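Under UniProt numbering, think of the first position of the sequence shown as 1, with each following residue one higher.
Just so you know, these hints were derived from the structure itself, not from any lab. Do not take every clue at face value.
To be verified - Label-pair distances were calculated between CB atoms; the ranges are:
id, residue 1, residue 2, range
1, His17, Glu198, 40 to 48 angstroms
2, Pro105, Gly330, 49 to 57 angstroms
3, Glu84, Gly18, 32 to 40 angstroms
4, Ala14, Leu118, 25 to 33 angstroms
Being a predicted model, the structure only gives us computed values, none of them experimental. C-beta atoms are modelled at their ideal positions from N, C-alpha and C, and glycine is treated no differently.
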Amino acid sequence: MQAHDLSAGGDVLARVHGTAREAARLHGLPDAEVTLINVSENATYRVDDPATGRRSILRVHRLGYHSTTAILSELAWLEALRREAGIATPSVLPAPGGRRVLTVPGAQPRDCVMFEFLPGTEPPRERLVPDFERLGALTARMHRHARSWRPPSWFTRFHWDHDAALGAESRWGRWQDGTGVDPEVSAVLGRLDGELRERLRRFGRSPERYGLIHADLRLANLLVTDDGPPSVIDFDDCGFGWRLYDLAAALSFIEHDPQAPEMVASWVRGYRTVLDLPAEDEAEIWTFVMFRRLLLVAWIGTHTGADIAAELGAGYTEGTCELAERYLSGRMEGPG
Numbered sequence: 001m002q003a004h005d006l007s008a009g010g011d012v013l014a015r016v017h018g019t020a021r022e023a024a025r026l027h028g029l030p031d032a033e034v035t036l037i038n039v040s041e042n043a044t045y046r047v048d049d050p051a052t053g054r055r056s057i058l059r060v061h062r063l064g065y066h067s068t069t070a071i072l073s074e075l076a077w078l079e080a081l082r083r084e085a086g087i088a089t090p091s092v093l094p095a096p097g098g099r100r101v102l103t104v105p106g107a108q109p110r111d112c113v114m115f116e117f118l119p120g121t122e123p124p125r126e127r128l129v130p131d132f133e134r135l136g137a138l139t140a141r142m143h144r145h146a147r148s149w150r151p152p153s154w155f156t157r158f159h160w161d162h163d164a165a166l167g168a169e170s171r172w173g174r175w176q177d178g179t180g181v182d183p184e185v186s187a188v189l190g191r192l193d194g195e196l197r198e199r200l201r202r203f204g205r206s207p208e209r210y211g212l213i214h215a216d217l218r219l220a221n222l223l224v225t226d227d228g229p230p231s232v233i234d235f236d237d238c239g240f241g242w243r244l245y246d247l248a249a250a251l252s253f254i255e256h257d258p259q260a261p262e263m264v265a266s267w268v269r270g271y272r273t274v275l276d277l278p279a280e281d282e283a284e285i286w287t288f289v290m291f292r293r294l295l296l297v298a299w300i301g302t303h304t305g306a307d308i309a310a311e312l313g314a315g316y317t318e319g320t321c322e323l324a325e326r327y328l329s330g331r332m333e334g335p336g
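Make a model of the complete structure from these sequences and hints.
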């Protein structure tokens with residue numbers, strides 16, 4: 001697992017900001033105001049053009065996470081979803097000459113993508129339960145498209161199976177190195193990891209259960225307005241995984257919320273308005289929620305530059321242990 005270069009501190013971010021300004025110039029916006037929005041896997045900027053008043057979104061990619069072909073693959077599915085399935089996704093704004101992925105030269109060349117700015121805000125917390133029903137239906141529409149879509153021959157995205165997430169590859173780092181993982185915590189999470197590994201093995205990877213997914217459908221990646229369906233953004237982690245992982249990702253950082261069981265039930269109701277979800281699949285939902293939760297323990301430990309990682313810290317690990325004990329004893333359906 002390569003270290004997350006954007007977590008390295010101010011000097012790196014200063015250079016990345018310079019890359020963002022150069023990317024805006026190469027897009028024909030030499031006088032644009034470039035403002036950092038957030039840092040997660042990548043650095044995301046708002047680009048405001050004073051000449052036209054237009055606003056766009058620029059993503060500056062971290063080093064070593066995706067190849068240029070993998071980024072183009074992400075954009076291919078994002079655009080196919082909008083064109084063929086009516087999913088509201090942001091349009092890619094090509095650079096002059098038509099390049100959708102712009103490699104900005106420098107000592108460390110970085111890939112950049114410019115997107116249209118979409119209106120809307122993250123779904124409000126007070127509407128979580130009803131909004132999860134809408135999200136379930138939206139997710140099922142995306143899954144339905146992925147099942148029938150024929151990607152281009154060069155399409156390549158990584159997997160979100162146990163080995164990639166928690167095993168030998170540990171794409172976001174090892175949970176053992178997470179914040180606040182002492183020997184006592186390690187024993188609890190080790191039992192959780194072992195149980196997850198076995199249950200996922202038994203669950204299997206049939207095409208009905210495993211395929212192309214968004215893999216990060218959390219609230220921060222949805223934009224809602226007063227009218228119209230939610231927009232889906234940030235497909236940077238899309239790849240091949242269990243379809244129920246999309247529900248688990250939607251609960252990211254709020255898995256312990258007392259309303260979580262209601263949110264899950266609401267999501268399932270919405271999903272079933274579009275696609276079947278067998279009872280035996282529904283019975284394993286909390287396996288995927290805990291799979292994602294353990295992965296996020298690792299993510300927090302390797303993404304110290306992300307605001308939410310700094311905010312959650314060791315408290316998230318402690319909460320994961322509490323959820324793990326409930327999961328391992330079969331007490332996940334009711335509020336904690």
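Structure-based check of all given hints:
1. His17 / Glu198: 40 to 48 angstroms: Holds, since His17 and Glu198 (Cβ atoms, about 46 angstroms apart) stay within the stated range.
2. Pro105 / Gly330: 49 to 57 angstroms: holds (56 angstroms)
3. Glu84 / Gly18: 32 to 40 angstroms: holds (38 angstroms)
4. Ala14 / Leu118: 25 to 33 angstroms: holds (28 angstroms)
Comparing the model with each numbered hint stated earlier shows that all of them hold.
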